[in-house]
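Enquirer: Assemble chain B onto chain A, guided by the hints.
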Amino acid sequence: DAGVTQSPTHLIKTRGQQVTLRCSPKSGHDTVSWYQQALGQGPQFIFQYYEEEERQRGNFPDRFSGHQFPNYSSELNVNALLLGDSALYLCASSFLGQALNTEAFFGQGTRLTVV
Amino acid sequence: AQTVTQSQPEMSVQEAETVTLSCTYDTSESDYYLFWYKQPPSRQMILVIRQEAYKQQNATENRFSVNFQKAAKSFSLKISDSQLGDAAMYFCAYRSANFGNEKLTFGTGTRLTIIP
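Line by line, the protein sequences give chains A and B. Each residue of the first sequence is one higher than the one before, counting from 1 in this note's numbering. Each residue of the second sequence is one higher than the one before, counting from 1 in this note's numbering.
Chain A with its partners taken away, still in its complex shape (with noise of 0.2 Å):
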């Protein structure tokens, strides 16, 4: 079981440019949320897909857009990078169906730096 992946590992963006990052769930997990965490920072919560729909969001602004694929992936759009914008991106993976009773397993995240 590879668990959760992320691509890239690292990336760095200009101000202004818009960026894509990847997450492919655990193995039987049906549902991807994704975090933001700055430097020296507990992880925020960006927003939850799951059948394709935008579940449940943080209080992110709508230049962070995600989508989730049929397979269950799932992509992370940052449009108009600001430096602000720099932190490290997790993923989290669980199955809904028993959303109450398993744990979200995180990926090794993409470091993102915005110059």
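Honestly, the hints are just simulated from the structure, not real lab data. Quick reminder that beta carbons are idealized off the backbone N, C-alpha and C, glycines included. Take these hints with a grain of salt, some might be off.
[As the list claims (entries may be wrong)] Quick list of the computed label-pair ranges, beta carbon to beta carbon:
no.	chain 1	residue 1	chain 2	residue 2	range
1	B	81	A	71	40 to 46 Å
2	A	60	B	47	34 to 40 Å
3	A	53	B	116	49 to 55 Å
4	A	3	B	61	15 to 21 Å
5	B	46	A	69	23 to 29 Å
6	A	18	B	81	33 to 39 Å
7	A	71	B	78	40 to 46 Å
8	A	54	B	18	40 to 46 Å
9	A	84	B	80	36 to 42 Å
10	B	99	A	77	23 to 29 Å
11	A	70	B	101	21 to 27 Å
12	B	115	A	71	42 to 48 Å
13	B	71	A	10	42 to 48 Å
Expert: This is chain B only, laid out in the frame that chain A set:
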């Protein structure tokens, strides 16, 4: 909205000794879950232990145990027989038991150093 507070930015402990990491939270809900996650330099969040709020018994996983005080909204993690591999950032997290609200709310973390 729920909040999670970790008041110890850094902690250190001698190898083989015991250390306790503190966490408090604020919620108006009566049913929820609490977690401790470990984040080593590899960056991957690893679940250490979980506690269901409706259970009065404190959770235990090998060398890791919690002291869950629901009335005080306190959820501390005790690591016994500390090992070098325990060195990491530790995050306390809250999750509602309401279906449709499964997001995790994290504290700011405690960096644990193990002294050989």
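Enquirer: State for each hint whether it applies.
Expert: Tested hints:
1. Residue 81 of chain B and residue 71 of chain A have their C-beta atoms about 43 Å apart, which keeps the hinted 40 to 46 Å range intact.
2. At roughly 24 Å, the beta-carbon separation of residue 60 of chain A and residue 47 of chain B lies outside the given 34 to 40 Å, and the hint is violated.
3. Remark: the range hint 49 to 55 Å for residue 53 of chain A to residue 116 of chain B is upheld by a beta-carbon distance near 50 Å.
4. Hint check: residue 3 of chain A to residue 61 of chain B, Cβ distance near 19 Å, so the stated range 15 to 21 Å holds.
5. For the pair residue 46 of chain B and residue 69 of chain A, the beta carbons lie near 26 Å from each other, so the given range of 23 to 29 Å is met.
6. The hinted window of 33 to 39 Å between residue 18 of chain A and residue 81 of chain B is violated, with their beta carbons roughly 49 Å apart.
7. For the pair residue 71 of chain A and residue 78 of chain B, the supplied restraint of 40 to 46 Å holds, since their beta-carbon distance comes to about 41 Å.
8. For the pair residue 54 of chain A and residue 18 of chain B, the beta carbons lie near 44 Å from each other, so the given range of 40 to 46 Å is met.
9. Checked against the given bound of 36 to 42 Å, the beta carbons of residue 84 of chain A and residue 80 of chain B, roughly 40 Å apart, stay inside it.
10. Residue 99 of chain B and residue 77 of chain A have their C-beta atoms about 27 Å apart, which keeps the hinted 23 to 29 Å range intact.
11. Distance hint check for residue 70 of chain A and residue 101 of chain B: the Cβ-Cβ separation is about 25 Å, which falls inside the suggested range of 21 to 27 Å.
12. Residue 115 of chain B and residue 71 of chain A have their C-beta atoms about 46 Å apart, which keeps the hinted 42 to 48 Å range intact.
13. Judged by the Cβ atoms, the range 42 to 48 Å given for residue 71 of chain B and residue 10 of chain A holds: they are separated by roughly 45 Å.
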